[in-house]
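*Asks:* Each chain is listed here by its residues.
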Amino acid sequence: MTEVLFKVIIIGDPTVGKTSFVQKYVNDSFRRDYKMTIGVDFALKVIKWSEKCNIKLQLWDIAGQERFTSMTRVYYKDAHACLVMFDLTQKGTFQNSVKWKKDLDQKCTLMDGSPVPCLLLANKCDDIERREVTQDEIEDMCKEHDFLGWSETSVKDGIMIEESMGFLIEEMMAKHAELEGFSESFQTNTSSALKLGKEEGGKPSGSNCQC
Amino acid sequence: MADNNIDTELDLAGVLDEDDSSWLAELETALVEECDFGSLRNICKGRAVPDHLRAEVWQICLGTVGKDALSSFDGLYDMDGQSQVRSDCKSLVDKLGNEEEDKVSIVSDLETIVTLYCKSRGLKYASSNGWMDVLQVLLTVKMSPSELYNTFYAILNKFVPNECKYQGKPFHLFRLLLQYHDPELCSYLDTRRVTPDLYTMSWFNSLFGGVCGLRVCQVMWDVIFQHADPFLELFMGLVILVNARDTILETKDQSKEEIIDLITSFPQALEVDDVEDFCSLAQYYAQKTPQSFRRDYQLSMFGGSVVSHKEPEDSTSLMYSLCLSVSGEELLQANKGTPLVEDAVRFFVVDCRPAEQYNNEHLTTAFHLDANLMLQSPEEFSYAVQALFAAQAQALAAGSAAAGEHLCFLGSGREEEDQYVNMVVANILQKGKQYVSTAKGGYPALHNILKATSENGVPDLVASHEAADTKNSSGDGSAVLGNRGEGEAGTSKYFSKAILGRLSGVVKSKSAEMKEKLANYIKNDGTGDKHVSSAERGGKRYRNMANVFTIGDDEEGEEGSGADSEEDDEQKETVSLDTWVQKADVLYSCRCKEIRTNGHSFPSYLLVTSSHLYVLREIPSRKGMAHIQARRALSSIVKITSKKRQPELITFKYGTHEEDGFHVTDMHRFYIPTASDATRVIKQQIMKVLDALDS
Chain A
1 MTEVLFKVII
11 IGDPTVGKTS
21 FVQKYVNDSF
31 RRDYKMTIGV
41 DFALKVIKWS
51 EKCNIKLQLW
61 DIAGQERFTS
71 MTRVYYKDAH
81 ACLVMFDLTQ
91 KGTFQNSVKW
101 KKDLDQKCTL
111 MDGSPVPCLL
121 LANKCDDIER
131 REVTQDEIED
141 MCKEHDFLGW
151 SETSVKDGIM
161 IEESMGFLIE
171 EMMAKHAELE
181 GFSESFQTNT
191 SSALKLGKEE
201 GGKPSGSNCQ
211 C
Chain B
1 MADNNIDTEL
11 DLAGVLDEDD
21 SSWLAELETA
31 LVEECDFGSL
41 RNICKGRAVP
51 DHLRAEVWQI
61 CLGTVGKDAL
71 SSFDGLYDMD
81 GQSQVRSDCK
91 SLVDKLGNEE
101 EDKVSIVSDL
111 ETIVTLYCKS
121 RGLKYASSNG
131 WMDVLQVLLT
141 VKMSPSELYN
151 TFYAILNKFV
161 PNECKYQGKP
171 FHLFRLLLQY
181 HDPELCSYLD
191 TRRVTPDLYT
201 MSWFNSLFGG
211 VCGLRVCQVM
221 WDVIFQHADP
231 FLELFMGLVI
241 LVNARDTILE
251 TKDQSKEEII
261 DLITSFPQAL
271 EVDDVEDFCS
281 LAQYYAQKTP
291 QSFRRDYQLS
301 MFGGSVVSHK
311 EPEDSTSLMY
321 SLCLSVSGEE
331 LLQANKGTPL
341 VEDAVRFFVV
351 DCRPAEQYNN
361 EHLTTAFHLD
371 ANLMLQSPEE
381 FSYAVQALFA
391 AQAQALAAGS
401 AAAGEHLCFL
411 GSGREEEDQY
421 VNMVVANILQ
431 KGKQYVSTAK
441 GGYPALHNIL
451 KATSENGVPD
461 LVASHEAADT
471 KNSSGDGSAV
481 LGNRGEGEAG
491 TSKYFSKAIL
501 GRLSGVVKSK
511 SAEMKEKLAN
521 YIKNDGTGDK
531 HVSSAERGGK
541 RYRNMANVFT
551 IGDDEEGEEG
561 SGADSEEDDE
571 QKETVSLDTW
581 VQKADVLYSC
591 RCKEIRTNGH
601 SFPSYLLVTS
611 SHLYVLREIP
621 SRKGMAHIQA
631 RRALSSIVKI
641 TSKKRQPELI
651 TFKYGTHEED
661 GFHVTDMHRF
671 YIPTASDATR
681 VIKQQIMKVL
691 DALDS
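Protein chains in written order, with full-length UniProt numbering: chain A, 1 to 211; chain B, 1 to 695.
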């Protein structure tokens, strides 16, 4: 039995639903009242990937408030994947997603130097009346800023939580396999540039859901 | 009683001691003799001063006597925004309602003062800076323009924090202080995005001059200036918030703006007779706070020279601080021997370094909680945290040297590892734990201090690798704490050390039995730390209960004389607290603090029997022992009063019932966290006693 450990960070503006997402995904619970996260919170989930392999998923729920940003940046380190979340009912949080993504890419990369795979989550899709961001806008941003893909979610109604995480895990596993090979080949020669180039244009909006 | 011819308004206000006005005569004499600040403080003892002496007292306190800075004014009213200054001065004077012919000269004096101040400090005037509010209070005290300028200058320089602006440093510090004392309230306000700069600006930029009534300000400033502690006003702000916490926490349905307006206006409700309690509570909170922040920020936060003291990274570091940080010196000092000051902060040190570093060398009193556990096994981590709280409670109960209400987290001083320490601290804060700090510089800082202060290598506070080895085999290094020559308290220390040793061992071993063991520890922990807040909530109840006694606001000045005159502890009977509390005839007991009129407080126990009220005062140097400070017949209690805004402050008045009412002969004042319970029981007993007397 092998065990693979993945560190996934979740970032985005305050109140978009990061903590709720983590709680929903890990504990299947949802609390209506918002409470600010201090610094960083942390949750662990073990997933049976196959008969032979367990995945230990570390979810780092990083506080969105500016107060904590200088402190929380250190927690980006060694992340295998990232969720950038915004709130469909607050356009500002959507615009800031770009900042969060850029911040992440500036602060850390994968072992091979490629950007950390990043999924864009458009939360609170249940609140159709207060929606402020269109799917086209999200699609455009997703392409322009090299997100792996995007998905609308509703933590409240439990929509696209498992699916998004499943997609991200697949991606991490693929990358994992690739990096295993990478670190082996690293000693002998450096054909990684080619590999990377191929990966980069990869599968963009694979998880694009229409809910 | 009121035959003393003192200022009537103050007499009404109840801030002056009716019975003892001798200090006033002393003060007058001292002022004639041009006394210095020290002797003034000794005479006034933090009390409000009569109106006619105020100007002189303030000037001595502020150190402005005999200065003449105003004459250096060039007489040119030519700065940017001069017209704004003029119109603000004018509207201030209009508000005051002076005689028409005086107005012009007052306006002109004010404009001169503000203009010179701006010029000499290189500042720009802005209407929102609180200066007019400061001047308004100063104008109520008779002073010459030159004196006015000097006091104005000194107040802004010494008591109004620099950077009183949006997102300014004082407000970040204030937030950390609030978080330290009331994390739940702080978290709520953070969640609602109500940051302190939004509601405390008008408090701090004018020493409450912009928000409190003029009389209230005068008395408050009397106290503040005498204390000469610029940080006191932050704690005053803290008292205001903590006092109103229930109201604030009930604002879930209100908008951010409404909350800001609500909180901003709280100090308006302060009345003159609240000021004394208000100030002593602020001091109480100040004492209950680690002091390191003072040294860190005194220079940059006060003293005006904003421009030269520009330390941008300092301000941001405050903003981004997770919690208060404590210097190594303070940490070590605070836990050394018996505290000199009552209420002094004592720390329970939580060492969060990786196990190998901890095992290599650590403070003997530290609890080990490996921060990495949080990542590796969140479940075990949460057990470890419970164990931590349990161990802390046990250490406190046992009066151990390791005991402290204040949790100080110790890292390795390396960012790489300390990020996990921060995570642990964030987690603890998220749980709403009070009194949480981190040790500045981590363990290396402590190590260096200890090395520097100890000549013979390994200091006795530290268990080094070799010591730890023998310790494990020989059953808990007796050397370490015993060395400190505190034999009498020895057993309890060993006891709790044993617990600590076991617990940290357990945490490290990560064995399966851990949960079981810990569960046992935790079960014993019934008495854990209680938030004052629970009592505050309870406090409201009894005020609505109708009864024979006046339970309501203190109305008149009532500084008892008797209770203060009995300082001779030697003659008091010494007893064991435990034995007394458990006596069969004790119907009720609770912890409390006896509050003296001079602001001193003494940790005490209040015991109620069917006929008497006992006050047992803890003896700091002898754990578990107490002096019988007072023994009062319940029938002699004629009045129990509490403060509206501080229901835990209870005053008992003793005396005799006469035809024309009762005569108070003596009084006691206490800070009782469980005030509502205590007063209820006492009232019931008094009723019984009185009933028995009647029949």
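To be clear, the hints were calculated from the coordinates, so they are not data collected in a lab.
Don't take every hint at face value.
[To be verified] Over the 10 angstroms line for every Cβ pair with chain A, so calculated as not near, a few chain B residues:
{"hint": "1", "residue": "GLY75"}
{"hint": "2", "residue": "ASP190"}
{"hint": "3", "residue": "VAL242"}
{"hint": "4", "residue": "MET319"}
{"hint": "5", "residue": "MET374"}
{"hint": "6", "residue": "GLN430"}
{"hint": "7", "residue": "LYS583"}
{"hint": "8", "residue": "LYS639"}
{"hint": "9", "residue": "GLN684"}
[Claimed, not checked] Residues on chain B that point at chain A, a partial pick, calculated with CB under 10 angstroms:
{"hint": "10", "residue": "SER105"}
{"hint": "11", "residue": "THR195"}
{"hint": "12", "residue": "LEU198"}
{"hint": "13", "residue": "LYS252"}
{"hint": "14", "residue": "LYS256"}
{"hint": "15", "residue": "PHE662"}
{"hint": "16", "residue": "THR665"}
[To be verified] Beta-carbon label-pair distances, calculated as ranges:
{"hint": "17", "chain 1": "B", "residue 1": "LEU299", "chain 2": "A", "residue 2": "GLU163", "range": "44 to 50 angstroms"}
{"hint": "18", "chain 1": "B", "residue 1": "GLN684", "chain 2": "A", "residue 2": "SER29", "range": "41 to 47 angstroms"}
{"hint": "19", "chain 1": "A", "residue 1": "CYS53", "chain 2": "B", "residue 2": "LEU299", "range": "30 to 36 angstroms"}
Values in this document were obtained by computation on a predicted structure and should not be read as measured data.
Even glycine gets a Cβ: it sits at the ideal position worked out from N, Cα and C.
*Asks:* Confirm or reject each hint.
*Replies:* Now for the hints, and whether the structure bears them out:
1. GLY75: 47 angstroms, holds
2. ASP190: Non-interface label on B:ASP190 violated, nearest chain A Cβ at 5 angstroms vs cutoff 10 angstroms.
3. VAL242: With a cut-off of 10 angstroms, B:VAL242 remains clear of chain A, as the shortest Cβ separation is near 19 angstroms.
4. MET319: 6 angstroms, violated
5. MET374: 6 angstroms, violated
6. GLN430: 5 angstroms, violated
7. LYS583: 46 angstroms, holds
8. LYS639: 44 angstroms, holds
9. GLN684: It holds; B:GLN684 is separated from chain A by about 40 angstroms at its closest Cβ, greater than 10 angstroms.
10. SER105: 49 angstroms, violated
11. THR195: 9 angstroms, holds
12. LEU198: 14 angstroms, violated
13. LYS252: 8 angstroms, holds
14. LYS256: Violated. Min distance 13 angstroms.
15. PHE662: Violated, about 51 angstroms.
16. THR665: 53 angstroms, violated
17. B:LEU299 / A:GLU163: 44 to 50 angstroms: 56 angstroms, violated
18. B:GLN684 / A:SER29: 41 to 47 angstroms: Because 45 angstroms falls inside the window, the suggested range holds.
19. A:CYS53 / B:LEU299: 30 to 36 angstroms: 58 angstroms, violated
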